[in-house]
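Asks: Spelled out, the chains give:
Protein chains: 4
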Amino acid sequence: MIIIMEPEATPFEVDNVVAAVEANGWQTHISRDSGQTIIGLQGKGQPIDPFHLGQMPGVFDTMAITQKFKLTSRSFQPENTTFTIPLRESEVTIGGKRLAIIAGPCSVESREQLLETAHAVKAAGATLLRGGAFKPRSSPYSFQGMAEQGLKLLAEAREATGLPIVTEVMSPRKVALVAIYADVLQIGTRNMQNFDLLNAVAQTQKPVLLKRGMSATVEDLLMAAEYILAHGNSRVMLCERGIRTFDNKYTRNSFDVNAIPVLKELTHLPVIADPSHATGVRRYVGPVSLAAVAAGADGLMIEVHPNPDQAFSDGDQSLTLSQFTQVMTRIKVMAAATDRSV
Amino acid sequence: MIIIMEPEATPFEVDNVVAAVEANGWQTHISRDSGQTIIGLQGKGQPIDPFHLGQMPGVFDTMAITQKFKLTSRSFQPENTTFTIPLRESEVTIGGKRLAIIAGPCSVESREQLLETAHAVKAAGATLLRGGAFKPRSSPYSFQGMAEQGLKLLAEAREATGLPIVTEVMSPRKVALVAIYADVLQIGTRNMQNFDLLNAVAQTQKPVLLKRGMSATVEDLLMAAEYILAHGNSRVMLCERGIRTFDNKYTRNSFDVNAIPVLKELTHLPVIADPSHATGVRRYVGPVSLAAVAAGADGLMIEVHPNPDQAFSDGDQSLTLSQFTQVMTRIKVMAAATDRSV
Amino acid sequence: MIIIMEPEATPFEVDNVVAAVEANGWQTHISRDSGQTIIGLQGKGQPIDPFHLGQMPGVFDTMAITQKFKLTSRSFQPENTTFTIPLRESEVTIGGKRLAIIAGPCSVESREQLLETAHAVKAAGATLLRGGAFKPRSSPYSFQGMAEQGLKLLAEAREATGLPIVTEVMSPRKVALVAIYADVLQIGTRNMQNFDLLNAVAQTQKPVLLKRGMSATVEDLLMAAEYILAHGNSRVMLCERGIRTFDNKYTRNSFDVNAIPVLKELTHLPVIADPSHATGVRRYVGPVSLAAVAAGADGLMIEVHPNPDQAFSDGDQSLTLSQFTQVMTRIKVMAAATDRSV
Amino acid sequence: MIIIMEPEATPFEVDNVVAAVEANGWQTHISRDSGQTIIGLQGKGQPIDPFHLGQMPGVFDTMAITQKFKLTSRSFQPENTTFTIPLRESEVTIGGKRLAIIAGPCSVESREQLLETAHAVKAAGATLLRGGAFKPRSSPYSFQGMAEQGLKLLAEAREATGLPIVTEVMSPRKVALVAIYADVLQIGTRNMQNFDLLNAVAQTQKPVLLKRGMSATVEDLLMAAEYILAHGNSRVMLCERGIRTFDNKYTRNSFDVNAIPVLKELTHLPVIADPSHATGVRRYVGPVSLAAVAAGADGLMIEVHPNPDQAFSDGDQSLTLSQFTQVMTRIKVMAAATDRSV
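Chains as they are written, first to last, in our numbering: chain R, 1 to 342; chain C, 1 to 342; chain L, 1 to 342; chain B, 1 to 342.
For reference, chain R alone in the conformation it holds in the complex:
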């Protein structure tokens, strides 16, 4: 860290800052630039909050000179993380040249609904099946999911189609249960900084799909991933799913397409895009899926339902089975144009 003192800072104020920093185990190096004293920290002391330090008398500003995230950073691991999810007869590789296409209903609603969807998305080219058994709902009066019964249906759909299962876990108390059935554990948007849940999921050593919080910065997302990697579990996919902005009249969120090249530069972890939540509107899912692939995403997560207009219980904006097939056709063209495959 570097600390810049104000031009009119007194020697007493400089001494105070130096003393505070050294009390935390750091060595200091003092220089003067453009008439202002600059204090550089050296060695290996206790972490210091720069914002707090910035409030000390005479301090003009502070600046971190290293990134906060470590294990998730590209400087720690320059090459892309890839990992495979083993299956009965084959396996799915995440983070490679082939895009991961995760598709399925928002909620598991019934055996018929799930199996029909699973077969259809597989036929259209999906590589993983998504479906929610435990649903985080903003209202306590809304459908909260089928719970373990939903997990069993997901396992049955995996048996029937060979697609690995991605499903959300909302509570550390349910991690062990969900881990029995799921191939990939999903951390939802509202839980991105539920640190106890991050720890519990990390310990399973299962692959994790970590969704960005709706007002989380890119740095917040990487720090949340850091919790998982710090437990020795580096099989983490990051998921951009739209952020909260001032304009939500025509779409629920704003898909942060900039985050895709930014994340690909900062981290070695695969980056998935969720155009369904990022738009909330079925007819925009296609264009935003293509944009995500064009920007460099390693995969897509798309909600699909056999009859979305009757899926009133949940309200996510899902493609019909035939719409998904059409979108997949365009995604394949896009993948080819960007030197990827589906």
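Don't read these hints as lab results, they were simulated from the structure.
Zero decoy hints are in this set.
For identical chains, the list gives no copy identity; a pair is met inside one copy or between any two copies.
Calculated cross-link-like contacts (lysine to any residue; reagent style SDA-like; alpha-carbon spacing at most 20 Å):
hint, residue 1, residue 2
1, K152, L87
2, K44, K68
3, K70, S142
4, K70, F60
Using the hints, position chains C, L and B against chain R.
Replies: Showing chains C, L and B alone in chain R's frame:
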């Protein structure tokens, strides 16, 4: 709910929407205004997601005609919720004419730090003691709190001062433990929509301080409180603590002072302001505290530390003991000017 | 408009609202849905502000049932607007199958800089030349542009290359001057709601490139365009250039890719993307350009400079000439994959 | 400015950055902290865009070590700016102990409306009269103001009441006209970065009320004021009027109360609050007015109308005359509690 069809919607599209709505158990009432068909829902059917419905062909827009939150709303309970927290010799009333002043360190760091702070804030007029034993940290490498040892110190401080204890619980797995020691269970910003935690905390029937998520709307906050009230626990304080906006150069968050009169109108629950997190800067805590009281807040939560410049482990911006005493003097004047007391 | 009264609204309150509305020349139609009175407006009265109306006693909410923008809407004109910009020997069509590629330096700095850039971007496939002669700068102490001398250089570059000129006009006092030289008049981000400037530019009947304000909603943008179309000038390109959000650490703005399919649906006007301002970072311009085309943009505006590292006077993040050529190669592949051309 | 190179930056990259900086007339001072090269700029070269510089190979980050705004800063002028507005028989002082209370209708609509309001707000304690003659409207089809006829009515109201006039000017082409009638020229939210207008207004040497843009940072606001001060006109009031955030369901904007103590610290200019636009809701104007005064505002601008429910032409949320009188009673108590007066 009301559904407005587009001017050019076909009879077929109108019929489809009517059929979809009636399939969910609703009756419909159709009228035409300004050349557009309006479909009103009547009776008591399954909840329908208006955003989803808005995507059906021919639908121009939809409109909820009742609020989503029920138990938390003023129309459900017109009079203010007040409740008392029992103590050894006395009790503290929340939501009445007297402001609740919750003060103390961000983290419990040591016996000396906590007791010195507790005695000082009590002398200055605080009515509850805050202190974190389990700390949600954006980095896995930061100090995570003293855990149960911190809770024991809080209980000791309560013994010594008579101040009830407000402390955060981060995980459903720790609710039972924290509830042994705490008088008020705090739900942190990052956990406002951790629904399993909300349920677990609600079931203790302990008073709850529910902090607004940093990008949660007022409606989101009330829906989160609804989870707690739906368990029969209505002793809930809402806490505005600053929201995330585009400008964070000089303060960490933007204190949403508008939310105070809005919440006081929409809900009967007491509203607390946290100027420490809302600004992140010690010298702005005073002005924003006064503003919150002026706008109608029922209390304040303020971070205080005997020696903030050495509290590097956490980085929240705390007042010194003497600064807190000075701010309290001004808060008392402000309370009198707004027909409240401290 | 529809007005929904609260369940407990009194007949007196209903009458008051009806009287207020009718005083503005509207007829009313009253119905009751789910126990609430609904007042529909019919006929053709004075415009009424729904937000204001919503504050009347007993009003629960109001709802506009038609869009505010008219001439810019697809329901007014279903087919895409296309227009040609005449040139010496040929012409450029905007809004058709072929993408408009607008490239050039942020500011005109010298004859050499501009001509070198103009020849290079033409060779790489650009169809219009951009360059700023009047620069809106947040600091009064920064370089404010070469003014008329810059315009003359732009005209010279057009002579030399045949590329039409896009340049910004910042003040109604300069519209006549800029219109002498420019083929397309650009309205900058900070002037999107400078209504006097919109009127002045509209009256020239020149094509206009209207940049979205950094916190303007899609609706605000369309209403600003409405000012221009209301003067009989429908040769307007809309430009998405990134919005202001809570996360600006790694990019200056957040490119709102959702806005592209939304705008293409709401309006018949062509939509251009500006990945240079939307990211502020040279190495993200490529991926975001591709994403914009994939999402359906009708063109791109990209900053290019012969030696960006020495263009310190302005600070926009420009591609070098060779980087632009490389990005154009990828844009051509992307155009082909989305059934467009360059 | 300080430039921090990445740990793995090569000597060649360091040399490149040094050369680029020196080419702009700066001297450099190189040091190494924590294994990273730090380049400090010294002397007085051309301004360099730090964001641009940050894109050069090997650069980790850059940091400005001085503030961008100069004449507006407290370090330039430590004592508060105060100025008086001369009147027939007396004068009004802005920025002193007495609060400036600017009240009146959003738009001048008629002689009766304006004079009735002017007399009433004066009787209740207002010190300046506001009223719009030129109205910036998001729709070209809305009422655009009474223009010069409105200005004449404002002048008549000043004659009748002795209150100085605050009115908006939207275009450099109208500055001369408006300056004939107005005592204070208002720059509206949408024009905060209309630099040609700022220059034109500055040159009149009239007092200016500069409203913060709805997504302008505090720094943007101070830089806009800098344009006016750079013309030797330092009689500028800054006005916080609510910012655009993700939550606009219950209020139109979010009043940024934090900005008041921040601005009072950064600048010597008086700070006015506009609770009418900051909330958009009549019944929240009172609480937010009190909060603004409690936080340290030097004045308030409040919309008042004799019959707001019939003022449909504009839609701003105005207090009735009697509501304004009631709010003023509470503002006087608040002023006394904060050592101010009305």
